[in-house]
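Sequence lines, in order, name chains F and A. Taking this note's numbering, I'd label the letters of the first sequence as residues 5 to 289. Taking this note's numbering, I'd label the letters of the second sequence as residues 6 to 310.
What the hints contain is simulated information worked out from the structure, not anything from laboratory work. Treat the hints with care, since some could be wrong.
[What the hints assert, rightly or not] Restraint-style ranges between C-beta atoms, simulated for each label pair:
| # | chain 1 | residue 1 | chain 2 | residue 2 | range |
| --- | --- | --- | --- | --- | --- |
| 1 | A | L58 | F | K188 | 34 to 40 Å |
| 2 | F | V272 | A | G112 | 15 to 21 Å |
| 3 | A | L171 | F | F34 | 51 to 57 Å |
| 4 | A | E172 | F | K68 | 30 to 36 Å |
| 5 | A | K205 | F | A31 | 22 to 28 Å |
| 6 | A | H259 | F | K68 | 32 to 38 Å |
| 7 | F | G191 | A | E201 | 45 to 51 Å |
| 8 | F | R181 | A | E201 | 27 to 33 Å |
| 9 | A | K205 | F | D185 | 40 to 46 Å |
| 10 | A | N275 | F | S235 | 16 to 22 Å |
| 11 | F | P17 | A | N12 | 39 to 45 Å |
[As the list claims (entries may be wrong)] Straight-line alpha carbon distances no greater than 27 Å define the calculated DSS-like cross-link-like pairs of lysine-lysine that follow:
| # | chain 1 | residue 1 | chain 2 | residue 2 |
| --- | --- | --- | --- | --- |
| 12 | A | K46 | A | K272 |
| 13 | A | K11 | F | K112 |
| 14 | A | K202 | F | K188 |
| 15 | F | K53 | F | K68 |
Backbone N, C-alpha and C fix where the C-beta goes; we use that ideal spot for every residue, glycine too.
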Amino acid sequence: MSLEHRGRAPIGPLEYTRRWWLRAIVAVTFAGLYAPIVTLVAFSFNDSKRNIVWRGFTFKYYEKAWHDDSLIDAFVNSLTIAVINTGISTVLGVLVAIFLWRFRFPAKPLYEGFMALPIVIPEICMGVAMMAFFARIGWPTSMPWPLNLSSIIIAHVAFSFPFVAVIVRARLVGFNRELEDASKDLGAGEWQTLRNIVLPYLRPGIIAGALIAFTLSLDDFVITFFTAGPSTITLPVKIFSMVRFSVTPEVNAASTVLILITVVATAVMMRLQSPTGAKPPGPEN
Amino acid sequence: MDNWRKNPVVFWLLNVPPTFWLVVFFIVPLTLIWVLSFGEKRGVIDIEITWTLDNYIRALDPLYLEIFWKSIWMAGLATLACLIVGYPIAFAIAFAPDRWKALLLLGLMVPFWINILIRTYALIAVFRTRGYVNFTLEWLWERANGLLSWIGLGDWHLLGMRYEPLELLYNNFAVNMGIVYAFFPFMVLPLYANIEKLDKSLMEASLDLGAGHWRTFVSVVFPLTWHGALSGIIIVFIPALGAFFIPDLLGGTHSELIGNVIERQFKSANDWPFGAALSFLLMYATFGALALRALVAGRKPGLEV
Chain F
5 MSLEHRGRAP IGPLEYTRRW WLRAIVAVTF AGLYAPIVTL VAFSFNDSKR NIVWRGFTFK
65 YYEKAWHDDS LIDAFVNSLT IAVINTGIST VLGVLVAIFL WRFRFPAKPL YEGFMALPIV
125 IPEICMGVAM MAFFARIGWP TSMPWPLNLS SIIIAHVAFS FPFVAVIVRA RLVGFNRELE
185 DASKDLGAGE WQTLRNIVLP YLRPGIIAGA LIAFTLSLDD FVITFFTAGP STITLPVKIF
245 SMVRFSVTPE VNAASTVLIL ITVVATAVMM RLQSPTGAKP PGPEN
Chain A
6 MDNWRKNPVV FWLLNVPPTF WLVVFFIVPL TLIWVLSFGE KRGVIDIEIT WTLDNYIRAL
66 DPLYLEIFWK SIWMAGLATL ACLIVGYPIA FAIAFAPDRW KALLLLGLMV PFWINILIRT
126 YALIAVFRTR GYVNFTLEWL WERANGLLSW IGLGDWHLLG MRYEPLELLY NNFAVNMGIV
186 YAFFPFMVLP LYANIEKLDK SLMEASLDLG AGHWRTFVSV VFPLTWHGAL SGIIIVFIPA
246 LGAFFIPDLL GGTHSELIGN VIERQFKSAN DWPFGAALSF LLMYATFGAL ALRALVAGRK
306 PGLEV
């Protein structure tokens with residue numbers, strides 16, 4: 005007994021995380037998850053064209069990417085689409101969330117099912133549907149920038165705003181409706197109550213929703229691939245065509261930039277979503 | 006919750022813009038390809054809607070049936086691999102001390118935030134002939150050979166004259182690994198949520214009564230957490246079934262999946278009615294999977310003896 009007390013306590017029957025075999029599985033799996041990404045990022049700084057052995061640190065592929073006009077155009081397109089999509093999707097998503105939270109109406113489960121449809125159907129089906137739709141209605145393809153991005157933006161909004169709605173609705177669950185009643189009792193109208201009571205409470209949810217709309221749009225490849233015309237390339241579509249052509253460090257550099265933006269945006273979103281994250285300004289604090 | 010009649014103005018104001026967007030830019034396009042799937046190709050862009058079933062009959066051609074079957078098989082295999090690796094990982098997270106739990110969950114999610122296309126591309130450097138898996142194996146081969154010479158067996162060339170790199174890329178194996186790598190967290194998260202909720206005293210009781218860890222897993226843990234497994238299976242299987250750029254980037258000439266066939270009908274082959282029929286078949290398969298899950302999840306969870 006005394007020997008055991010001096011060392012670490014024996015492994016309890018349910019202390020699985022102290023067993024070597026489970027630790028080994030976790031270590032190998034996480035190594036497998038991270039190794040490809042770490043390699044990709046590391047080799048964007050590697051001073052070698054062939055991307056196989058490390059030959060010293062360099063920024064030259066970032067410089068090269070920076071001077072590649074088609075790559076920069078694709079990047080600007082991606083950001084423009086993402087920003088406009090975020091604006092429209094956030095408004096629509098918040099409307100749906102408040103609407104579903106507030107009202108009881110016939111066929112509500114059916115309505116909710118339709119709203120979830122863009123989330124569940126295979127991306128490729130939505131992609132080809134959008135492609136066929138814009139071609140059949142004769143949506144103009146040769147418009148000046150940024151109007152030529154309109155079809156991509158429309159498609160992105162269609163799949164992003166249901167996600168925003170899900171996130172904002174999750175936040176509304178915790179809302180105390182007595183606050184709304186109090187506001188109305190004190191003489192505020194619908195609009196005033198929405199602006200001064202509901203929206204301030206929703207703010208972290210709205211920001212989180214906006215960020216998810218931003219990342220979804222920036223990251224989307226499949227739907228953009230089908231909707232985009234030859235003059236409306238986005239960064240993921242550009243990376244796809246570069247990868248198909250050849251594997252070069254410039255692709256790694258462009259990918260690293262995209263990774264950085266999405267990881268930061270998602271981290272901020274997660275922080276806002278967590279209960280310990282930003283608290284809304286309100287009576288509780 | 007208010008009845009909508011109580012405040013119809015607010016009801017319509019909130020409802021009309023998103024409903025309009027969803028109907029015009031989502032339901033209408035889907036309906037359009039549904040209608041196109043009953044059409045016939047007349048010219049380069051002319052499609053006549055004749056309400057023919059030819060496109061669906063053509064999908065039953067052995068060539069396409071084989072690709073359909075292969076897609077289901079590949080997606081199923083990748084899902085199984087996710088399940089086998091996912092259970093221990095979900096277990097580890099659920100049983101980890103609180104501080105580690107948050108860290109492990111975050112560690113699992115971060116790669117998942119990265120663009121799926123970039124993650125697929127990242128696998129190329131790992132799997133190619135002069136990639137890291139082969140480098141590691143070559144290093145191990147040299148060490149093993151060194152060991153053999155040391156014990157005096159060096160002249161026999163037991164491991165071959167030189168290291169032959171494995172062909173890991175541009176085949177079905179690579180496509181499977183790509184699918185697993187792309188959708189793995191989808192499997193772990195629902196499993197974790199279910200194992201976390203599991204009453205641990207049931208496991209203690211099983212271990213106390215003499216069952217081993219494996220027996221406890223098979224007879225207690227799995228029956229109580231298979232709802233999570235089912236959710237994971239569905240949300241890995243559905244996107245895996247429609248994947249088209251993973252086989253495109255990692256697969257070889259014989260790794261074509263149904264997603265690639267659909268893509269080709271809409272891009273290079275330019276046969277929209279047939280592509281539309283295939284995408285609707287894919288969609289029906291998806292709905293079937295979702296319905297199956299709803300059906301099974303609707304039943305009371307519990308130990309069925």
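Hint check results:
no. : hint                         : in the structure
1   : L58/A to K188/F: 34 to 40 Å  : violated (57 Å)
2   : V272/F to G112/A: 15 to 21 Å : holds (18 Å)
3   : L171/A to F34/F: 51 to 57 Å  : violated (23 Å)
4   : E172/A to K68/F: 30 to 36 Å  : holds (31 Å)
5   : K205/A to A31/F: 22 to 28 Å  : holds (24 Å)
6   : H259/A to K68/F: 32 to 38 Å  : holds (36 Å)
7   : G191/F to E201/A: 45 to 51 Å : holds (47 Å)
8   : R181/F to E201/A: 27 to 33 Å : holds (31 Å)
9   : K205/A to D185/F: 40 to 46 Å : holds (43 Å)
10  : N275/A to S235/F: 16 to 22 Å : holds (20 Å)
11  : P17/F to N12/A: 39 to 45 Å   : violated (58 Å)
12  : K46/A to K272/A              : holds (15 Å)
13  : K11/A to K112/F              : holds (16 Å)
14  : K202/A to K188/F             : violated (41 Å)
15  : K53/F to K68/F               : holds (12 Å)
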